[in-house]
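Residue numbers (our numbering), protein chains in the order written: chain A, 1 to 463; chain B, 1 to 463.
Do not rely on the hints blindly, as some may be mistaken.
Since the list gives no way to pick one copy over another, a pair counts as held whenever it fits inside one copy or between any two copies.
[Claimed, not checked] DSS-like, lysine-lysine: derived pairs with alpha carbons at most 27 Å apart: (1) Lys305 to Lys329; (2) Lys212 to Lys328; (3) Lys201 to Lys329; (4) Lys212 to Lys23; (5) Lys36 to Lys362; (6) Lys40 to Lys328; (7) Lys36 to Lys329; (8) Lys40 to Lys107; (9) Lys329 to Lys212; (10) Lys36 to Lys201; (11) Lys212 to Lys366; (12) Lys40 to Lys23; (13) Lys329 to Lys107.
No lab work stands behind these hints, which were simulated from the structure alone.
Protein chains: 2
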Amino acid sequence: MLTYTFDEACGTPLYEQLYQNIKRDIALGRLRAGEKLPSKRSLARHLQLGVVTVQNAYAQLAVEGYIEPRERSGYFVAELDESLPPPEPARRPHPAERRREYLLDLKTNRIDAGNFPFSVWSRLMRRTLSERSSLLLDPLPHSGASALREAISGHLRRFRGMSVPPENIIVAAGTDVLYNLIIQLLGHDLTYALEDPGYNKLGLVCRACGAKTAYIPLDSWGMNPRSLEESGARAAHISPAHHYPTGIVMPVSRRRQLLSWAVRCGGYIIEDDYDSEFRFTGRPIETVQSIDTSGRVIYMNTFSKSIAPSIRISYMALPDELMAVFSKKLGFYSCTVPSFEQYTLAQFISGGYFEQHLARMKNHYKALRGQVIAAIDAMPFRRYLTISEQHAGLHFLLRVNSPLSDGDLLACAETLGVRISCLSELTHRPEPRFEHTLIVNYSGVTPEQLERFAGLIRSCEMK
Amino acid sequence: MLTYTFDEACGTPLYEQLYQNIKRDIALGRLRAGEKLPSKRSLARHLQLGVVTVQNAYAQLAVEGYIEPRERSGYFVAELDESLPPPEPARRPHPAERRREYLLDLKTNRIDAGNFPFSVWSRLMRRTLSERSSLLLDPLPHSGASALREAISGHLRRFRGMSVPPENIIVAAGTDVLYNLIIQLLGHDLTYALEDPGYNKLGLVCRACGAKTAYIPLDSWGMNPRSLEESGARAAHISPAHHYPTGIVMPVSRRRQLLSWAVRCGGYIIEDDYDSEFRFTGRPIETVQSIDTSGRVIYMNTFSKSIAPSIRISYMALPDELMAVFSKKLGFYSCTVPSFEQYTLAQFISGGYFEQHLARMKNHYKALRGQVIAAIDAMPFRRYLTISEQHAGLHFLLRVNSPLSDGDLLACAETLGVRISCLSELTHRPEPRFEHTLIVNYSGVTPEQLERFAGLIRSCEMK
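For reference, chain A alone in the conformation it holds in the complex (with noise of 0.2 Å):
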């Protein structure tokens, strides 16, 4: 008869440690497939338990299958037919990753916590979570709660000048799912054209997603549309308001000629519009979701850059026809942002405090920018660097009039601490006008960093 001792100390139940004992009998073989188990009754005299732990046990047994129960004849260890491969030598521990702290970081576009408006957004969740408590367990639409696309369709209006009625919009966690949803809106067949130099985190979704890309060149006044057309690409992605990382503001000729070349073919321009909210100078510029008469613009923005990275809140716009076949395409797909952060924010937005936000924050990066380059012109070797900006934006180019290679000069700048990127690295076709070129992004910058770093320079001087 089956003999196992027991722990009756050890907090697991007994008729948990009974099955635990059977099931590693059964593994390793010691109870055979077919074999007869004893009956619950002479099994629960045999070890001293109550017939209920036993038939506990064997309850749990048979339902996992280990064991069958046949009528009239008892429990039968089951049949396990096929023989699995011997576990695996113990996993060994992955390398915990190493970050290196810098003593400048113009790479990474981060957000200064600082900046963030914690007592505002605090109080707001905490009413969120008050006010709506029973709501927000509610499923929401697919596109997001109608309170979300309201409160960002009014925003479109009045900062923006544009129509989009909430019934258009669609709130997603990040434009990563964006991207995701716009290929399987458009489709994996189509050609989906980039920009060259860019920011082409959608080329990488494309290829994640099996949908073609090309690479389109710019020139002055943006996505060249001559390379468009010929490229046999049926969507184009552009950021016409401030183009990472040129910095090109399209022209609205530009933007009529690319709005043509879709209503020609029938294709769609996914304008993302991103970093908008930061011109220092003049008006927002109008977008060419505003100038578009015939539903080929598909627009797009982010509370990434104007709130945070980590609130993970995107938008779409979509033109009545495409809402139509994503609804009946794509409706199926639950939002993918949770309901508080979706309350929070429409409140966020409609009751002003975005738009406070975002002229504060303007105010901020203009006067950070201010510092930045102010560091940039105090700095000895000051007469080979050249700026490149348009006053718009998080970021400008730093072009250096050097001999040394890009991958030098990033090596240089590591060594003095400083993480930055080139325009090189962002582009698909090597050209000399794209070399010696550093991008700065300065949004993550403190005044602290930018002293320290003063310092550096002036003591490396000094050597």
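Could you slot chain B onto chain A? The hints should help.
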């Protein structure tokens, strides 16, 4: 000379009014391409405006490309060479979505808001907000906050007896996002095997992503291995703990057979454990992932059922080898869950609140299930009904001995104010054994609703 009237009281700056007026004249062709604009000074004098006002308007028009400065000769209207079609008639508003109120909704597995642990959750939210404030803005690893991945790893060890290192866990904004990631990880050229009948959202995602699917019939132990073998699929999605909607608990022999299939063909099992927290008798059943020694199982689960759908957090655990591929191929993706929710959930789990909540919900659902079954037992037409259930999960089947078609049965239910779905809706191969079977999703039912429903039935009877 250009002549416009200005409204100083309207709140729009004068330079913007001038900009709008000139832009409109260009759009309407009143100002033609190549036409010279008046000098800033003369236009300012003419319109009684400051020179700076005109200068700002011209600068904005120039930056948008409506006019061009030519050196030493002033500003000229730009060539807008392509003509775009005229604007469409105004958009018609979308019809408001009509949502019927049901007496009893047995179709959507809603969560009763009264059961959500609001006070603990909001306390943890507040704590997260105060303790983690600046951390909340830091970018997270693509697989999620390590605090959350550690908490999940601990929960899986304690609650499911699973050994999953935090480094192998990927957190995402819902199961849909995980499905998308899995398809991108394993490939679009693969065929995905799906349970038939089954909860086939993965099938919809496959279709949206352009991946092939094979619907594999179930026998009484779950997915049929011979059909799976013949399908040529290389990935099989199963829910062995408690299949939706049949309720089948897959015995260990079948689990091992499917694992052997995966080892033989180099395929993968996607184990969806979404409902496993709610077994009402016995221990939770061991996962396929736990008996896998060859790294062929992708385990996934969600907090949608166990906490609330609107929380939008799901996760998967990848075997070592796939995890390495994931990081290399898809590591560019940002994590889709806001930091705030991640840190709050991490505390909810590691503080023991999650397991407390599960225990409470298990009791709640067990009692609720009993009440629903009692209500069915009290029905006048009880003898035509057979309840089929496995003491597990948030649904059970109700077979109706009736000559009515499934469509008629649903229509009858609808007349009584009951929203319900039937098994035949979830099958791809019509078979008599799937007919006349209703799926009772009872998690959102309240005792009051049951009471009112019983009243309605009694009143029908009396007529």
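Now the hints, each set against the structure:
Proximity of Lys305 and Lys329 under a CA criterion of 27 Å is satisfied inter-copy only: 25 Å between copies versus 30 Å inside one chain copy. With identical chains, the CA atoms of Lys212 and Lys328 are at most 27 Å apart both within one copy (24 Å) and between copies (20 Å). For the identical chains of this complex, Lys201 and Lys329 are neighbours both inside a copy (24 Å) and across copies (13 Å), given an alpha-carbon limit of 27 Å. Taking the shortest Cα distances, Lys212 and Lys23 never come within 27 Å of each other, neither inside one copy (52 Å) nor across copies (38 Å).
With identical chains, the CA atoms of Lys36 and Lys362 are never at most 27 Å apart, being 78 Å at best within one copy and 34 Å at best between copies. Taking the shortest alpha-carbon separations for Lys40 and Lys328, neither the intra-copy value of 57 Å nor the inter-copy value of 53 Å comes in at or below 27 Å. When the C-alpha separation of Lys36 and Lys329 is checked against a cutoff of 27 Å, the pair qualifies neither within a copy, at 55 Å, nor between copies, at 51 Å. For the homomeric pair Lys40 and Lys107, neither the shortest alpha-carbon distance inside one copy (69 Å) nor that between copies (41 Å) is at most 27 Å.
Proximity of Lys329 and Lys212 under a CA criterion of 27 Å is satisfied in both settings, with 21 Å inside one chain copy and 16 Å between copies. In the homo-oligomer, the alpha carbons of Lys36 and Lys201 never lie at most 27 Å apart, since the shortest distance is 61 Å inside one protomer and 42 Å across protomers. Taking identical chains as interchangeable, the C-alpha atoms of Lys212 and Lys366 are never at most 27 Å apart, the minima being 39 Å within one chain and 52 Å between chains. In this assembly of identical chains, Lys40 and Lys23 lie within 27 Å of each other by CA distance solely inside one copy; the values are 16 Å within and 91 Å between copies.
Taking the shortest alpha-carbon separations for Lys329 and Lys107, only the inter-copy value of 22 Å comes in at or below 27 Å, while the best intra-copy value is 38 Å.
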